[in-house]
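Q: For reference, the chains in residue letters:
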Amino acid sequence: MICTPRLLLIRIAAVLSVCIPVCLFAQQPVFSPEPQDSLKLARLLALYEQQYKSDIELLPSQYRKDIEEAYKLRWNNIREKFDDKEIYTDSAAQNYLNRLIAEIRRVNPDLPLGFTCYFSRTPVPNAEYIGEGIILFNMGLFTRLNNEGEVIFILCHEISHYVLRHSEHRIEQYVATLNSKETQEALRSIKKSEYQKGQQLESLTKGLTFNSRRHSRDHESQADSMAVELMRHTSYRVSNAMSALALLDTIDNDPLNMSVHLPDVFNSPEFPFKKRWISYDQGLLGGHAVLKKEATADSLKTHPDCQKRIALLTTLTKSWSQPAARNFLADSIQFLSLQNRFRYETIEYCYQSKNFTRSLFLTLELLAIHSDDPWLVTETGLVFNGMYNAQKKHALSKVADLPGPYFTENYNLVLQFIQNLYLDEMISINYYFMKKHDPQLNFYKPFHTTFETTQQLFKN
Amino acid sequence: MDHLPRRGQFFFSLILIFLASFFAKQATAQDKLSFDKVYTVYLRNSGTITQQGQIKGYFFLYQSDKVDKHTNEYTLQILDENLNKVSSIKFEDSKTLSLLESAYDGSSISFLFKNVESNTLDMKIYTLDGKLKFTYSRPFDKQTEDLMKQYAAMHTDQGTNKNVFDIRGSGYVSVLPLRDGSQRSYEVDFYSSQSKKQWTYTPMDEEKYALAEYLGSTDSLVIIEVMKKNRALSGQVTSHLVGLNFITRKKVFEIEEGREQYKIVPANVSSLPNGNILVMGSYYDKNESIVKDYGLGIAMYELSGSGKVINKSYNSWEGDFSRFLHTGSNGKIDDIGYLYVHRMIRTPDNNLFVVCEGYKKQASAGGIALSVLVGAPSGATKVVVTDLVIMQFDPQYKITGATIYPKTHNTAVGGAASDYNSQHALAAVIKALGGFDYEFTTGEPDNSNFTICYKNSEKTSDYKGKTFNSIRYTGTKFTTDKIELKTNASDSRVFPAKPGSVMILEFFKKEKKVDLRLEKLG
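Chains as they are written, first to last, in the working numbering: chain A, 181 to 640; chain B, 29 to 550.
Honestly, the hints are just simulated from the structure, not real lab data.
Bear in mind that the values here come from a model prediction, so they are computed numbers and not experimental data.
Mixed in with the good hints there might be a few duds.
[Claimed, not checked] A short, non-exhaustive set of chain B residues, derived as facing chain A with CB atoms under 10 Å:
1. 69
2. 93
3. 101
4. 115
5. 157
6. 158
7. 238
8. 472
9. 475
10. 500
11. 502
12. 509
13. 511
14. 528
[Unchecked claim] List time: in silico DSBU-like cross-link candidates among lysine-lysine, alpha-carbon distance up to 35 Å:
15. 224(B) <-> 265(A)
16. 361(A) <-> 540(B)
17. 257(B) <-> 278(B)
18. 60(B) <-> 371(A)
19. 492(B) <-> 572(A)
20. 578(A) <-> 336(B)
21. 245(A) <-> 371(A)
22. 573(A) <-> 494(B)
23. 113(B) <-> 252(A)
24. 639(A) <-> 454(A)
25. 320(B) <-> 573(A)
26. 386(A) <-> 65(B)
27. 257(B) <-> 159(B)
28. 541(B) <-> 113(B)
29. 161(B) <-> 534(A)
30. 225(B) <-> 472(A)
31. 161(B) <-> 224(B)
32. 492(B) <-> 388(B)
33. 94(B) <-> 361(A)
34. 537(B) <-> 245(A)
35. 514(B) <-> 113(B)
36. 534(A) <-> 492(B)
37. 278(B) <-> 426(B)
38. 252(A) <-> 537(B)
39. 573(A) <-> 65(B)
40. 454(A) <-> 573(A)
For glycine and all other residues, C-beta sits at the position ideal for the given N, C-alpha and C.
Please construct the entire structure, taking both the sequences and the accompanying hints into account.
A: Here it is as structure tokens:
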């Protein structure tokens, strides 16, 4: 299917008008989260558990207990993804993903059948092979990509990890290292030492960690190389591999300036925005410090630099010719439709997972584009009501992140904003924010209900 | 210093396993070793990092290695106000090292160490990226024994530093009590954070008994209150307000209690926007004893930077306070007893709030019975701490209101100590024993919003157990909040944190887990 820019625009318009179900407001569709299919999740989990148990049976006898322990940790992580309903069960989205996988399989018939790819509802821009043949493609990454070709590269990269058994090799390597004669002798010698145990252990673990991380970086390079090989004969442009990596390199950059956006959203004539709400201490101890990179940081990275990866793949694919390759093949309309939906679904997932500040941050990002969106306005109200109740019970820390040097500047500012609010300010801000939308959005029942709750809390 | 906490240290003293990347927690075969089986680190000290009385962060000093027979390697971990690890400093020092206090002046962090091996108190000043900037040492000897006793004592009721304070970006000051036989004195040490400069103020007083307490600082002055036993007055204790200029290194003023119409014992100072200093304290008739008598009321003095009294105001128990509280001429309030002033808070609109807690003697049934049985004085009375009282003063420092916040009247002192006659001595004993329920006050640096925190215990049909309570001033009104400390944790305690928040420490005995979290007050 060829997609010209004009045709693409027409399709985008079509998507925006039809893709989100029900409830019309001024001819605009209102988002409604896809209900998660608990039965499907339980069925899949049981299936994977069976597979995990079979895998355990087949483990080698040498260091079996240690390897089994590591597999158990990996399995617990998988189980959590299902228990937390992180796996997205919507069949339309799953079918779309299956179509992309089918295209990869079509040109790579030797690929094993034992893997499946799912969308994960997290906003973290990442994709991951998590073991037992499960590849997770996070919604937070999908929404950032430019086209299907980039999605295909990332899928091929994760399939390569699966095919090359990187996760299993890592476990084996770790167990073998720990049990090796050299490591055990070194540990015995450290144990016997009276002095400088810490220094000796540090130098031992540093060596082992550097080694392990180097292997990890090698695995990434291998997966990149294999990914472009898998992609080569598909109908997608291999150049998308490089553009995807370039995008990953800058994925943490937030274009939105929260110091301007927050006052825009939460200012009201009755309750004007106060500068104090977004002020913070710029020193080391204020939560916004820029920490100095340690000298060994590069050696401890699990992934090579994106620029190095791009250079490697550019060299590798330089002579490849793909005259008929495209950026979109399966369904460009659905690609855009899913991107749009996922921006909302990640907000809903964060809210359900009780990460209210992340949910608020994502909502604010979307409110910058759709300031009167009924679902987004309601979500803001819900999050504020939730934080108010949590703070009242002295349990805000369970639903809100604290500012930290490891977060992006914009997210940190939202966190600081929440930290700077006293309880009465929190509910007043919410009340006047909701009130601004009151007559217009009253038709939308969730807004009406949420605003009623806000009013009650405000009056109390 | 508010050591995170004495009781809490027990929790932290649990062996902390050093996790080395993902290599930790493995290996179970009998003769096989894993990383956690060969090496442990121990927490030596922990506490808060303060700036101008505000909590800015936390420190944890670990013994991370033994270097040789005499030397250990230490790791000093610094957490910011949100409990993020922001710096880790490794250094080698004597194995007898302990960390006493820490303060922060915005551009550097200071740590006061006690080194038993070298008999020194070492003030180390670090840059924010963890580089040692300056070390200042002073001998640690018999003279400073009182100081060490202070550090060994359990409680600081404001959750802030005892002896080390930042002086607004210029460095740090410490007020050290000294003792030589029966003679008691003090010294004030200044440590620059800008260049390696240190100087000590040693009083040239004739008196053999002088106790000093840091009250506050301005841009150029450090203000201390000194209590002296005056020879000329047959050993009577007199109070002096001393201002030391840390730039010119000179004593600027020393105001003796009796210079004005009444004697005044300063309890608190704060700097005013016009550069003047506001001093608050109890006032006494000239013939009254500041130790034995309770005083006539509360006085406010406004001083210039040179120590000249610009303005003064007196609020008497009998006249002014009795309009708002049922006060007798001796200052005793019905059901509440006498008031101990914990904190004076001046808001940007020039109102002044004074936080007090009541205390009074009560007959002790157990004490009386014991006296009768053994025939010896064993404390027929006990002292209870009563309600919290917040008094409001207008910009002319006249009282305009007082609110009583009722709480359970808890026994603070029992036994013979409670039979003291002097109300002041009683208050001092209660404070020294950590018997008051008032904990600390947190708030915005300009006091536009502040929260007064205190502990309590409740026995109601809904809840039985310890509570942590707060009274917040919003700028226009007071609101209250309460945290019930009875949770599924084996023990929980509350510590001061950044403005508007508290740090809750929960210990889970079964899981051998300590959970630290910051919670905003309602």
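Q: Decide, hint by hint, whether the structure agrees.
A: Evaluation of the provided hints:
| no. | hint | result |
| --- | --- | --- |
| 1 | 69 | holds (7 Å) |
| 2 | 93 | holds (3 Å) |
| 3 | 101 | holds (6 Å) |
| 4 | 115 | holds (7 Å) |
| 5 | 157 | holds (6 Å) |
| 6 | 158 | holds (9 Å) |
| 7 | 238 | violated (35 Å) |
| 8 | 472 | holds (8 Å) |
| 9 | 475 | violated (13 Å) |
| 10 | 500 | holds (7 Å) |
| 11 | 502 | holds (7 Å) |
| 12 | 509 | holds (8 Å) |
| 13 | 511 | holds (5 Å) |
| 14 | 528 | holds (6 Å) |
| 15 | 224(B) <-> 265(A) | violated (59 Å) |
| 16 | 361(A) <-> 540(B) | holds (33 Å) |
| 17 | 257(B) <-> 278(B) | holds (23 Å) |
| 18 | 60(B) <-> 371(A) | holds (12 Å) |
| 19 | 492(B) <-> 572(A) | holds (20 Å) |
| 20 | 578(A) <-> 336(B) | violated (53 Å) |
| 21 | 245(A) <-> 371(A) | holds (23 Å) |
| 22 | 573(A) <-> 494(B) | holds (16 Å) |
| 23 | 113(B) <-> 252(A) | holds (30 Å) |
| 24 | 639(A) <-> 454(A) | holds (21 Å) |
| 25 | 320(B) <-> 573(A) | violated (45 Å) |
| 26 | 386(A) <-> 65(B) | holds (17 Å) |
| 27 | 257(B) <-> 159(B) | violated (44 Å) |
| 28 | 541(B) <-> 113(B) | holds (19 Å) |
| 29 | 161(B) <-> 534(A) | violated (44 Å) |
| 30 | 225(B) <-> 472(A) | holds (28 Å) |
| 31 | 161(B) <-> 224(B) | holds (8 Å) |
| 32 | 492(B) <-> 388(B) | holds (25 Å) |
| 33 | 94(B) <-> 361(A) | holds (26 Å) |
| 34 | 537(B) <-> 245(A) | holds (29 Å) |
| 35 | 514(B) <-> 113(B) | holds (29 Å) |
| 36 | 534(A) <-> 492(B) | holds (30 Å) |
| 37 | 278(B) <-> 426(B) | holds (34 Å) |
| 38 | 252(A) <-> 537(B) | holds (26 Å) |
| 39 | 573(A) <-> 65(B) | violated (41 Å) |
| 40 | 454(A) <-> 573(A) | holds (25 Å) |
In summary, the numbered hints that this structure violates are 7, 9, 15, 20, 25, 27, 29 and 39.
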